[in-house]
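Take a look at the letters that make up each chain.
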Amino acid sequence: MKKMTLGAILGLALMSGSALAASAWTGGDDLPTSPLACDGTAGASAAMPYDGGSPTNPPDRKGKKITVVDIPKLIGIGYFNATTKGILDAAAELGNVDAKTDGPTKANIDEQITFIDNYITSGVDGILFAANDPVAIAPVLKKALEKGINVVGYDANATPDARQWFVNQAQFNGIAKAMVDNMAAEIGEEGSFAIVTSTFTTPNQARWIAEMGAYAAACHPKMKWLETVEAQEDNNLSFNQATTLINKYGDELKGIFGMTSVATPASAEAVTQANKCGTIAVVGLATPNAMKPYVEKGCVKSVVLWNPVDLGYAAMHVLRAVADGTLVPGATSVKAGKLGDLQIINGSEILLGAPYVFTKDNIGQFDF
Amino acid sequence: MTASKLLRHETILAVLTIIALAVLASLSDKFFTAENLLNQGRLMSEVGLVALAMTFVIVTGGIDLSVGSILGLTAILLGVFWKNLGLPLPLAIAGALACGTFAGWVNGFIITRFSVPPLIATLATLALYRGLAEGISEARSVRGYPEWFYVFGQGEILGVPFQLWILGIATVVSAVILGLTPFGRATYAIGANETAARFSGIRVHATKLWIYTAAGFVSALAAVIFVSRVTTTRSDMGTGLELDVITGVVLGGTSIFGGRGTIIGTVLGLILIQALKNGLALSGVKGDGTIVVIGLVLIGAILIGAMFDKNRGG
Numbered sequence: 001m002k003k004m005t006l007g008a009i010l011g012l013a014l015m016s017g018s019a020l021a022a023s024a025w026t027g028g029d030d031l032p033t034s035p036l037a038c039d040g041t042a043g044a045s046a047a048m049p050y051d052g053g054s055p056t057n058p059p060d061r062k063g064k065k066i067t068v069v070d071i072p073k074l075i076g077i078g079y080f081n082a083t084t085k086g087i088l089d090a091a092a093e094l095g096n097v098d099a100k101t102d103g104p105t106k107a108n109i110d111e112q113i114t115f116i117d118n119y120i121t122s123g124v125d126g127i128l129f130a131a132n133d134p135v136a137i138a139p140v141l142k143k144a145l146e147k148g149i150n151v152v153g154y155d156a157n158a159t160p161d162a163r164q165w166f167v168n169q170a171q172f173n174g175i176a177k178a179m180v181d182n183m184a185a186e187i188g189e190e191g192s193f194a195i196v197t198s199t200f201t202t203p204n205q206a207r208w209i210a211e212m213g214a215y216a217a218a219c220h221p222k223m224k225w226l227e228t229v230e231a232q233e234d235n236n237l238s239f240n241q242a243t244t245l246i247n248k249y250g251d252e253l254k255g256i257f258g259m260t261s262v263a264t265p266a267s268a269e270a271v272t273q274a275n276k277c278g279t280i281a282v283v284g285l286a287t288p289n290a291m292k293p294y295v296e297k298g299c300v301k302s303v304v305l306w307n308p309v310d311l312g313y314a315a316m317h318v319l320r321a322v323a324d325g326t327l328v329p330g331a332t333s334v335k336a337g338k339l340g341d342l343q344i345i346n347g348s349e350i351l352l353g354a355p356y357v358f359t360k361d362n363i364g365q366f367d368f
Numbered sequence: 001m002t003a004s005k006l007l008r009h010e011t012i013l014a015v016l017t018i019i020a021l022a023v024l025a026s027l028s029d030k031f032f033t034a035e036n037l038l039n040q041g042r043l044m045s046e047v048g049l050v051a052l053a054m055t056f057v058i059v060t061g062g063i064d065l066s067v068g069s070i071l072g073l074t075a076i077l078l079g080v081f082w083k084n085l086g087l088p089l090p091l092a093i094a095g096a097l098a099c100g101t102f103a104g105w106v107n108g109f110i111i112t113r114f115s116v117p118p119l120i121a122t123l124a125t126l127a128l129y130r131g132l133a134e135g136i137s138e139a140r141s142v143r144g145y146p147e148w149f150y151v152f153g154q155g156e157i158l159g160v161p162f163q164l165w166i167l168g169i170a171t172v173v174s175a176v177i178l179g180l181t182p183f184g185r186a187t188y189a190i191g192a193n194e195t196a197a198r199f200s201g202i203r204v205h206a207t208k209l210w211i212y213t214a215a216g217f218v219s220a221l222a223a224v225i226f227v228s229r230v231t232t233t234r235s236d237m238g239t240g241l242e243l244d245v246i247t248g249v250v251l252g253g254t255s256i257f258g259g260r261g262t263i264i265g266t267v268l269g270l271i272l273i274q275a276l277k278n279g280l281a282l283s284g285v286k287g288d289g290t291i292v293v294i295g296l297v298l299i300g301a302i303l304i305g306a307m308f309d310k311n312r313g314g
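In order, the protein sequences belong to chains A and B.
For the first sequence, the numbering used here begins at 1 and goes up steadily by one.
For the second sequence, the numbering used here begins at 1 and goes up steadily by one.
If we strip away everything but chain B, and leave its shape as in the complex, we get (with noise of 0.2 Å):
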């Protein structure tokens, strides 16, 4: 596999996505403002730093469902442990990245200890998860969280959203794992083929169970911003966020049956269907409209993709 197929995809995606910018940028003088992009990162964050992992999760052949439900769990445990349980919310925000952190582990744990399929396993775990977060929150919301608090969901350092370094921090360090060290080479090496990588000496439970339990932890980082946005814990939050964050990873050209994708691919998705959702409602279309044109970008996409791959013979 060389570099410049690799890059096949993801060129096309991004002239795609200039393309797009460029159309809605015509559309509405609103959208190309500084201002407005910024904010759009900021709503997309709790969805870009789940699909940096589920990028992970979906190279090696595996996918996560779980992760609506880990953010709405997390959101949850984060409001018990500082409100009924009286724990200093630094504390409590610790506690609460531990747990979804614990239940990306369980994730891992399920799928390599006893070879359960992973579109399953994290059924299974959807459910209970969101179960958990139903039952423990007893349905309260928990509210009035201190000011510095909010710094994670509405603060700005030197103009850009907060969370949206962490974002950027968390592309590259993904970016770097996946594409230039041994763990991204054994991911890749599990998707493509995974006795064939078990035989070459790839630890590949110890591997899938990292992916897993980082998939779990960026869902509990989401959740801690998200609770930060809307200052307030729900145990319906997250619900349907799995959708999204596959959308974003397969449009950005990880195929679903392993073995091939980049960060950088789930990156330029995530961008496109922010942009196309923004510019489209900025533009006077209704949300109805917006998600009858991201469900004809991604199957054109998808088709482009095919249509290169069999250019390719195979």
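Looking at chain A on its own, in the form it has when it is part of the complex (with noise of 0.2 Å):
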């Protein structure tokens, strides 16, 4: 009985879910998507032009020292410790800038912004950051540009003219294929999976959801999505969300994804700890020291990411070529150091790769 009356709810909630949308994901954002094609064959990208901000009348820059301040979403967890690492990597690298990272300890838009406006007080060349919200973010960043200071995004977007670049770790169809087509070897083509997020609204992960939905159902059309659930960015509440999604779901859930550094190890906890190994496969973003228990033991086949080290690496080498007026609007390739050459998409976007998937045999070489 308990069961039948869990199950029209189901139905009514699916059923009412799918007349308010025709594909979204519950966390998915209402832009347009372009899955990439099912065998990996690259599209052609449009050429567009530049449509970042640019800072008023700064002071010259060129081969001086400079002093950049770094104010990732929050501080203290793996991946910003990670990209941190490789933003003073390049600043050791390149000899000439001080750079320094700080930032809330929590993911949260209100203090990021009282961080950022009291580096801009403060006088710093540069402000590199990866922001909580892309809107509410934008005012502060535009003061920052008015000041003169160099702006430059990494990880997550501000709106366009609200910084100059925005280094961009992957395409947002690329991870989404990366995610969806390793479920589908994990958990068969008609498996049903449920996803842990941060925030519904959290730029990145908003993208990347609306991207898979729309990438599964164009290559894995009998894949079942069942739920999406919120966990901040906080260890405690995914693990719990991701109990939570075992329980209620039972042997229906063949697998989750994990969308977060922290979502993807707290839900492989959550699935050993449930005694689910190889009944319920993770999928996720995560780094990889985090993940390495789980992966050794077979119970995680698949972390997808880019390496967050070359991210700030990258970042710091854009800040690092604006602030010498050597990268300017319209052009279509950057030099980053150790990793040549990267292409600029999107008018003000520089890619840094495809994605990159962490296995059993290769997640040993990697510490971050």
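If you're looking for bench data, these hints aren't it; they were derived computationally from the structure.
From a predicted model like this one, the values you see are computed outputs, not experimental measurements.
One or more of the hints may lead you astray.
[To be verified] Pairs of lysine-lysine residues, derived as DSSO-like cross-links and limited to a Cα-Cα distance of at most 27 Å, are as follows:
| id | chain 1 | residue 1 | chain 2 | residue 2 |
| --- | --- | --- | --- | --- |
| 1 | B | Lys-83 | A | Lys-147 |
| 2 | A | Lys-64 | B | Lys-286 |
| 3 | A | Lys-85 | B | Lys-286 |
| 4 | A | Lys-106 | B | Lys-286 |
| 5 | A | Lys-100 | B | Lys-30 |
Put the complex together from the two separate chains, hints included.
Structure (structure tokens):
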């Protein structure tokens, strides 16, 4: 009886859900999607004019020592420790950059704005950021541009005219394809899965989820999305949310997508503690160190990511190139030290490269 | 309770604040500039507004943990009224303010009508209002407000941020109400001894209901300013606001047991915290270090306050 009621409620929920939006999974955004081809052939990217902002009367910084502050979404988690390492590596290599990382201890947009505001007052030359909200952060970044500060984003974008360039760690459709393909390989073409994300409005996660929905509809149409749950970027909450999913859906649940570097290991831990290793697959974005125990035990088979050390490294090089005046609107590529030439896409974004899948065979080579 | 005793904590705090300002100014030449101070005023306006009402709440011996959630709910409703229901923006603002005020009234109603301890009642509505905000918004942000709306959060009048004027007016009004009116004396009487206040003919329930409703109203007002400042609504806005507010009020010398506290103290507490956050950041202390210093200052101020209490012989 209980099951029937639950089934009825679920059915109703699904029906009303499908009435509202044809394809979108909860937690995705409303922007148009551009799923990659199922076999991975690259689509042609249309050239776009530069749509970033520009600082007002910046002083001549060419070759001069500059002070740069990096303000990620939050500090004290593995992922942003890794980007910080990349930024400091690049700064040391360049030799004429004084860089440091500071930011809120929670992924909170109010606090992040205050941090940026204070650093504008203290008079830095450059700001690197990863936005907690693309629109809410825009006024304070525009203020930085007005003060002649060079502004470059990485990891999570702001509205384009509020910053100069954005280092895109991987195109959303590329990540979405890697995530969905790996999940399909593990749970089969007809498996059901749920998603643990940070919040429904976090820009990256919302974009990925929208792209995953579009790609799955095109290339794995029989896979079944059950639910998306919010878990901030909180370890405990992520674990609880994943455990709730496991209990709620029972045998129906075949896989969990972890959308953040916190949600993925917490979901893997929840699956481990529920003794569901091998029956519930976890595919997600996470740093290798956090996932090593689960990957080495065989509980998790694929961890999708890019290299965040490279991401921070590239962002620092881009900021230096902007300050030096070597990267100007209209450029098609930019030199980023050991990474070589990076391609410029979507007008004012710099593409880091294709996503990387960590598996049992290669995860041991990474330490971040 | 003579005026000199009442002012004692505030005097210490004022001295402490002046010392802190002087030290911070010497640490960074960017700190004591008109531009930076006005900008800090802009950043503390939302917390400041709510703290004024919170002073009344705590003076009655109560607490309101739901203010951050009311802020989030009001912000979302503002967006929903305007975008989804298609109301003109001024009407949407008025509607959102009314709903926030109503949310505060509900707090007061639960507390007075059913004699639920304020801590429990507002802990429940903290979850309730935040849940409503997330449910109503369906996790979508509302953006793209017309340019004139940004005046509240980003505009200036005579070179002073718009919201600082509002905070200034609200501060004077609440200081007068708490310090000079029968309503203010009733507030102190309730906090000092609720039973005695009732037998003295003070309308305890009505007074409390007004105070919690006012807390809802200022939280809603803070929400409008906040949305205007950051140009978007999110359902997680104002998360943790209650803690910043209570920290400011308690640092300002308001007794958490009720019966004691002033608006001046609250304002000084807020200024001290904001100055420390900003000044330490400007002099190169990282965010985590700043939190530690604020914690130490709070403990220090409370210890000094307790010492004076002892000297007074209880």
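Please list, smallest to largest, the hint numbers that this structure does not respect. 1
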